[in-house]
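**Student:** Starting from the given sequences, assemble the full structure and let the hints guide the process.
Chain residues, written in single-letter form:
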Amino acid sequence: MTTEPPSIRVAELRKSFQVPVREAGLGASIRSLVRRQTREVRAVDGVSFTIAPGEVVGFLGPNGAGKTTTLKMLSGLLHPGGGELSVLGHLPQRRERAFLRQITLVMGNRNQLQWDLPALDSFELQRAIYRLPAESFRQTRDTFIELLEVGDLVSKPVRNLSLGERMKMELIGALLHLPQVLFLDEPTIGLDVTMQRRIRSFIAEYNRQHGATVMLTSHYMADVEALCRRVIVIHHGQVLYDGALTGLVDRFAAYRQIGVAMAEPADLSGYGQVIAAEGGRITLRVPRAEAARITARILADLPIIDLTIEEPPIDDVIEQVFAG
Amino acid sequence: MLDYYWTVMKTAVMTQFQYRTANYFYMVGMVAEPVIYLVVWSMIAAAQGGSVGGYTPGALAAYYIVWTLVRNMNIVFTPYGWEWRIQHGELSAALLRPVHPLHFDIAYFAGWKLVVIILWLPLAAALSLIFRPELSPSWQGAITFALAIWGAYLIRTMLLWALGMITFWTTRVSALYELFFAAELLLSGRLVPMSLLPDWAQRLSSYLPFQWTFGFPIEALVGQLSPAQLLAGLGMQLLWIAVGGAAVALIWQRGVRAFTAVGN
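Listed in order, the protein sequences are those of chains A and B.
If you're matching positions, the first sequence starts at 1 in the working numbering and goes up one per residue.
If you're matching positions, the second sequence starts at 1 in the working numbering and goes up one per residue.
Hints in this document: simulated from the structure, not taken from any laboratory.
From the three backbone atoms N, C-alpha and C, an ideal C-beta is built for every residue, glycine too.
Which stretches of chain B does chain A cover? Using the computed rule of at least three CB atoms under 8 Å from a CB of chain A, they are:
id: 1; region: 1–7
id: 2; region: 11–24
id: 3; region: 85–95
**Tutor:** Here is the structure:
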């Protein structure tokens, strides 16, 4: 039996930056002329994981956790400070052409299209950069345009497009060479819900059709829930959790939510923390270990029409993980 | 690679035609500088009995009208652009493409030059009507000029790329740029024709690349250079392109290593 090698392999990856440090004021300014002080910031501190071909992995963490630094090392934009990494069998920092042809890095806050020209012209430039055969390029481009429903926009100068429309064009441009590994850094940042949903389904479709490996960072948990079965949570440059998205909730959710429906409004604050109350529908937050006991008490004490026990929203769980 | 160059040049032409009016006003504004030089040197020539350093007012007019084209051919990606490129993450995007970014800059600005040449023709015609240049180039001179303006473009691209890459290590290099631009202004033939420079300045400039980016292309068309001088000039341009290219390769290798150590 043969096992397919992982698309991405990272072992004990490290990266530190020297950051200048200076106190405020003229005196500190003059002293810094003579003696410049720096401190070391460990952006990535011993991160290890492997990602199999075709896997879609959410890479989560608060701002400054080391997500973007890791993605930059994986895409070859940063030399690692230590450890090992390999993407599709290549050392990313060498930035070999064969490697660059197989990856893409999309950063939601950066524009790579020709601002003054219609996106179609930028796509043509991508064709030339990646030396794509004209016929297959046209097919890929037209398929993507159809999938993202931007047929009427590709002839407009990019500067006249909305943020969401531009991101769609960015994605098309970034995927025209059919990369096998996608590094997506906040691809839906600043977009409205409809646009986010469209982009998510496009990424999912691309992954399904091309078997591409996807690493996604996003502050929108809806992105992660829609696309990723597995998440890697990073905090202070270290992996806190690597596993199934559902497991994240099991492991980190310290409470559960009990939804109660009653004929009459009632005060349930004695059973747990009331986090929502609307007419006879009340939502309680209770400690995870106490959930069963409190549920039984509520059922015994009150005239309940309906009762549900739910895991807390993933956003809340993540917030709790990072706060801890 | 030819397809890549052609596509980037087309992109540049399309982009610059979007800004044709701005481009035109920019070129018209640029005319002020040579007109001032022309008026001053013409007055000096008149005061010295009709010529200065072998240049009559008509020859000076020809020099400074051709100057306007050469000046535009000299516009390349500047070190200030490098600062912007690094600060805005443009370089990161370029590093992720399987083509060296130098090719993009050469092709893009070359495409822009095609637009510049088209826009320059009516401007040159208007200046000629006003200043009555005396211009009777040899066919060898004309061919050399056509090649030398691109040679000048490539030398300057390499030099300013090499200079711009200093921003890999520090973003505060404006003073160094200004020094470079001042030396270039004085020793290239931009301020005055090379033959009007003092002997020591001419000797100094012979060790520097500047005259091959400005004075030589103009003199190839306007001056009375022999075929041997024309060939030697093109040879010097090739030499400086090679020197600049080697400097770019060396600095690029080290600069990218430094850049990818700290990132942006």
